[in-house]
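2 protein chains.
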Amino acid sequence: MTAPKSHTKDQPDEATAANALLGHCVRLGVKAPLSLDCGVEISDFPVAYQTYGELNADKTNAILVCHALTGDQFVAGKHPISGKEGWWDLMVGPGKTIDTNKYFVICPNILGGCLGTLGPKEINPETEKPWGLGFPVITITDMVRCQALLLDHLGIKKLFAVTGGSMGGMQALEWASLFPKRVFAAIPIASAAHHTAQNIAFHEVGRQAIMADLEWCGGDYLNQGKNPTKGLAVARMAAHITYLSEQALHRKFGRRLQDREALTYGFDADFQVESYLRHQGITFVDRFDANSYLYITRAMDYFDLAERHGGILANAFKGTDVRFCIISFTGDWLYPTEENRRIVHALNSVAANVSFAEVESDKGHDAFLLDEPEFHKVLKGFLDGAAKNYEETLGKA
Amino acid sequence: MTAPKSHTKDQPDEATAANALLGHCVRLGVKAPLSLDCGVEISDFPVAYQTYGELNADKTNAILVCHALTGDQFVAGKHPISGKEGWWDLMVGPGKTIDTNKYFVICPNILGGCLGTLGPKEINPETEKPWGLGFPVITITDMVRCQALLLDHLGIKKLFAVTGGSMGGMQALEWASLFPKRVFAAIPIASAAHHTAQNIAFHEVGRQAIMADLEWCGGDYLNQGKNPTKGLAVARMAAHITYLSEQALHRKFGRRLQDREALTYGFDADFQVESYLRHQGITFVDRFDANSYLYITRAMDYFDLAERHGGILANAFKGTDVRFCIISFTGDWLYPTEENRRIVHALNSVAANVSFAEVESDKGHDAFLLDEPEFHKVLKGFLDGAAKNYEETLGKA
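So the sequences go chain by chain: A and B.
Counting in my numbering, the first sequence runs without a single skipped number right up to 397 at its last residue.
Counting in my numbering, the second sequence runs without a single skipped number right up to 1397 at its last residue.
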């Protein structure tokens, strides 16, 4: 292992993972802290992650998969807590589009998350209580810096590829911008280089719904034995609408009634779409921390790659050698093709190596999680080509 | 006056309006109750309304303006409570598009509303307490039936026109369908003949936000001295996003910061769009009743003109003599042109007299409330033509 030990705890790490259900867990920032964008330094903090496939001897076959707002490290196989399939099980596995017979896939729970990596529900060693709103506000860049420490720990100098959908795509873009020498290929999917006013607006509604819940207790609910489940459920419901296209909602539910023959003239879930949304809200609160939701949505709202580069997105990628594959979906109104095309134009203007595919799908933003054959074909084609190129590059070196 | 007295209180009516600020107020359903779609009968109930201009001797110059979800009877001039301009002051007044020098404009607060007409915040005479959730669930059709009683009271047998935007347009459509002989022209604007799954979904989020507020008290907040203002504010915020196009939000706010030079790395309203939304929420709760919001959104979700006519929208207008002008806006994603075109196709299939205009505007659904010259031109053109036709028809009769 060539990991720079200064950033990881010498021993023990994985062996003492507090919760075996969380997969691998390592403590990072042990000998040198991680400086966050907000100015706070964090040190000796946990990062939970999962891996799939085998890292080759040269450590050149690693793909970093970055998860979205409510995702986690369990990309494929059976989720140890929910018992359901991982969120990208369709995509990642032996013989699948991201083929774990060839690639070593790593997915860390993001900084600010709530499944083992440092986040607002973890214990603040100074107070010995959950951080709550005392947790520093983090950014997409901070998440990526944290992931880079994890790669150091794993001794991976350069990723073959970094990919992810939605907020995962933001991380992929940030990786390519921040660590261009550590990434051969970047594949941001259904993503954007910044949050628009409408994106921020929807997130703000979710945050206000959480904060409106008296059980949020100013963020201190874990210390007070409360849980703002109602507010968090409303936040999830509002967000969930943005993940589906109008057409998908129409096809799935239309105006069909839920287990009844006629309208009840009341406020029960008469319509299937109401019942579905309520279910989305109720089940979400069992697996997610309300403060994490606040912090992660904030990180997404703050994301604006261009802003950090004098307002010019192209500057974020000047002179890059990274190969890009940008993928959008026609039915995605959360991060529409137009936003993805902005990234492509920026990359073109710095003569980057970029492929762009707009996949025809009326399923909405969530299409990146679904069985969309054209999408998988595009991604597999790009990965195969890039792998060949990477091998050639490595052979020459 | 030829009003069928059986439906109105003989005396007194307007003179004893409980609150002079509410404009005119009449008690309807006095001698014969009004049967609602849910099966409940209501009688001797208040309807608050406002009028503009003068009713002519023949009572042939009346235009019924129907307000939207959060509107009220104060269409034009200064609102007696808020002190602001009425919601359609740009449209209605002397010499304006709906010219009160020519037309007699009537706008009642809708059934279920909260500004003087019977709704869940009014006193239930049986319990002598506010109705709350004991109030019957009402429909758009019920609102229209109630308005018909008001016209009876005013002695107006036939409207020259009925119009309104959004939910006001639904009422205009329902008028044309339910009382085709009482309407010469119908002008539904930025509206739809049914609520889609996405429409219902957004409303359900709002309702759940209200119901999640502990101060909602199962709908009994008025009796318990509480008010679910936080939940209602969240509902308003979520809905407000749907009233504006993404482009409008971008133009108005983009990612601009609110009274600060840099991000604060906190949960204050860093962005202008957050501050704006919070303001929309906070100011709304001062003027609106949370239960009314539940009942009216429910009425909109239940609205499906086709469903009541064997699933075929055209059947709602079979043999109609009403002249229609359907107006949509390109930037309206709440009730998009496609939904309005469905209405046009249905009307065409029964050989109805229908004009259709899709007005170019990137302002979103709220364009119907704004100074959109093309929209005003279309509406004025239609009204002028229809008025001429109506006079000819009357002359022949």
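There could be a bad hint or two in this list.
Which bits of chain B does chain A cover? Going by a derived footprint, with three or more residues having C-beta under 8 Å, they are [unchecked claim]:
(1) 1026-1035
(2) 1046-1053
(3) 1192-1205
(4) 1210-1222
(5) 1228-1241
(6) 1256-1267
(7) 1377-1386
In case anyone wonders, no lab produced these hints; they're calculated from the structure.
These numbers were taken from a predicted model, which means no experiment stands behind them.
Think of the CB as a built atom: it goes at the ideal place given N, C-alpha and C, for glycine as much as any other residue.
Consistency of the hints with the structure:
no.: 1; hint: 1026-1035; verdict: violated (count 0)
no.: 2; hint: 1046-1053; verdict: violated (count 0)
no.: 3; hint: 1192-1205; verdict: holds (count 10)
no.: 4; hint: 1210-1222; verdict: holds (count 4)
no.: 5; hint: 1228-1241; verdict: holds (count 7)
no.: 6; hint: 1256-1267; verdict: holds (count 4)
no.: 7; hint: 1377-1386; verdict: violated (count 0)
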